[in-house]
Amino acid sequence: MIEPTQESPQLISQTSHRASAVVDDTQQISVALDNVVTTSARPMSLGLGLLYTFLTVLHALVQQPPVVLPMMAIAAASAIGLLALHMVIRKRPVPVRWGNWIGAGMATVVLTNSLVHLALAGDLNLTSNISILLIGIGAYFLKWRWFMVLSVLTLVSWAGVVALVPMEGDVVHYMVWQIESLLVATILFFTRSRLVQRLACMHLQDERQKAELADAMRVAEQHRDAAEMANRAKSVFLANMSHEMRTPLTAILGYNELLQLQMGDDPNLSKDLHQIRQASMHLLALIDNVLDISKIEAGHVSLQLETFPVDLLIDEVVITTRPLVAKKSNILETELADNLHSIHADHTKLRQILLNLISNAAKFTDHGVITLRAWMESETDSQSDEMQKAAPIAVFQVHDTGIGLTSDQVNHLFVEFQQGNEAHNRQYGGAGLGLALSRKLCQLMGGDITGTGTPGQGATFTVRLPTQVVSASDQHSQLQS
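Residue numbers (the working numbering): 1 to 481.
Just so you know, these hints were derived from the structure itself, not from any lab.
Since the structure is predicted, the reported quantities are computational estimates derived from the model, not experimental observations.
There may be inaccurate statements among the hints.
[Stated by the list, open to error] Here are the simulated SDA-like cross-link-like pairs (lysine to any residue), alpha carbons at most 20 Å apart as the crow flies: (1) LYS143 - VAL196; (2) LYS327 - ARG277; (3) LYS143 - LEU188; (4) LYS363 - THR320; (5) LYS143 - THR108; (6) LYS440 - SER242; (7) LYS363 - PRO323; (8) LYS210 - THR191; (9) LYS440 - GLN397; (10) LYS143 - THR26; (11) LYS327 - THR401; (12) LYS440 - SER235; (13) LYS143 - LEU204.
[Unchecked claim] Distance ranges between label pairs, derived from CB positions: (14) GLN468 - ALA233: 43 to 53 Å; (15) GLY47 - ARG218: 40 to 50 Å; (16) GLN468 - ALA227: 32 to 42 Å; (17) ARG92 - GLU228: 49 to 59 Å.
We put the beta carbon where it would ideally sit given N, CA and C, even for glycine.
Given only the sequences and the hints, what does the whole structure look like? Please build it.
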């Protein structure tokens, strides 16, 4: 036995929402069709009013008694009524729901004039007026019920007059003529109605897309504001945390130095105190990195630009990192090209970048070679669109023969608190902040840093900076000028 299934409330809600949307679209399209008809009433009333003013004069000149007086009276009354209607529509906006009724009234005026003229003249040739009216009804109205009612009323009225009043001419011929006119009017009605409906649907779709785009932009702005607020809160938290942790660490380092002075040459205590100092210095360096990143993200880091020799910078980096490199029996080599003599940049930040790269290389290399290269690259050789085009590019490259990297690992190296391999994190330590901080510092100076590597064959990190770094304020001034 098949158990009856019960639709989920969510599915029922979605179905109901789609159904209501379809009904709403149908109503809006219907209103759009009525609005087109209502808008057409003003020029139509003016045109017909002027036409019947002309026909009033024409009847006086052409028609013979007893046709002339009734036709002049009806035409004049029609002209006055239509022109008065035009004046009312011109001065006061017409509700959309009245548009079809006004059109039906104007069609009735035309039908009355045509039937009276046909009945008084007794000439079936005047059936052409009825044919023109049928085609006009097909061109004016956009809803089927109005078109059908007025078309049937027109044909029945014509047939009644022809049946009651003796006419000259072949009735069957003119009946076929009316059927042909009705066919033309029907084709015209469907063509115009579908065209206007399609335009209305396109307009509704355009309005809906605009509304959805506005909603999406509003949601995106809300998400952006929330992300900026969260980022500011994170930066404030990291800055506060760094300051709070720096205070006890400074005290620990101070007491550590006092104990080393007091304990003398006790080998056991000296070893323990040395480990305490190393751990404290590691934590202090980590806190400094966190604080630097939070400052950069908060926009509180400014560049201290100066022009300095590149060879002196490299000497400083080598002297500082040599003990760390030698700790694992590595060799540190340097290669400085003749075309790079000086650079205008932030000396401290560039030095910090190179120290981070060499420290990383020393950490993951054992009994190997670490090479620091520097040269100047011309604009045409540079592949970075982010570089400043006005100055050549200074390239600093650190290559090691260590454990290497895969392409997937490189993709995560510049993300904060992430390292290329979790196993390496446990084995070699580190918090994953050095490379992230180095990239942010590079970008702050208008450059960038990239990394490549091969597992088991080493890794290469390349820093590209303009030889003439420009601060953000100077860039803004140049753009304005």
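Now the hints, each set against the structure:
1. LYS143 - VAL196: With Cα atoms ~11 Å apart, LYS143 and VAL196 stay inside 20 Å; holds.
2. LYS327 - ARG277: holds, 17 Å
3. LYS143 - LEU188: holds, 12 Å
4. LYS363 - THR320: holds, 15 Å
5. LYS143 - THR108: holds, 17 Å
6. LYS440 - SER242: With a Cα-Cα distance of about 19 Å, the restraint between LYS440 and SER242 holds, given a limit of 20 Å.
7. LYS363 - PRO323: holds, 12 Å
8. LYS210 - THR191: violated, 29 Å
9. LYS440 - GLN397: Holds: LYS440 and GLN397 sit about 17 Å apart, inside 20 Å.
10. LYS143 - THR26: holds, 13 Å
11. LYS327 - THR401: Holds, at roughly 15 Å.
12. LYS440 - SER235: holds, 15 Å
13. LYS143 - LEU204: holds, 19 Å
14. GLN468 - ALA233: 43 to 53 Å: violated, 37 Å
15. GLY47 - ARG218: 40 to 50 Å: holds, 47 Å
16. GLN468 - ALA227: 32 to 42 Å: The hint (32 to 42 Å, Cβ to Cβ) holds, given that GLN468 and ALA227 are roughly 34 Å apart.
17. ARG92 - GLU228: 49 to 59 Å: holds, 52 Å
Violated hints for the displayed structure, listed by number in ascending order: 8 and 14.
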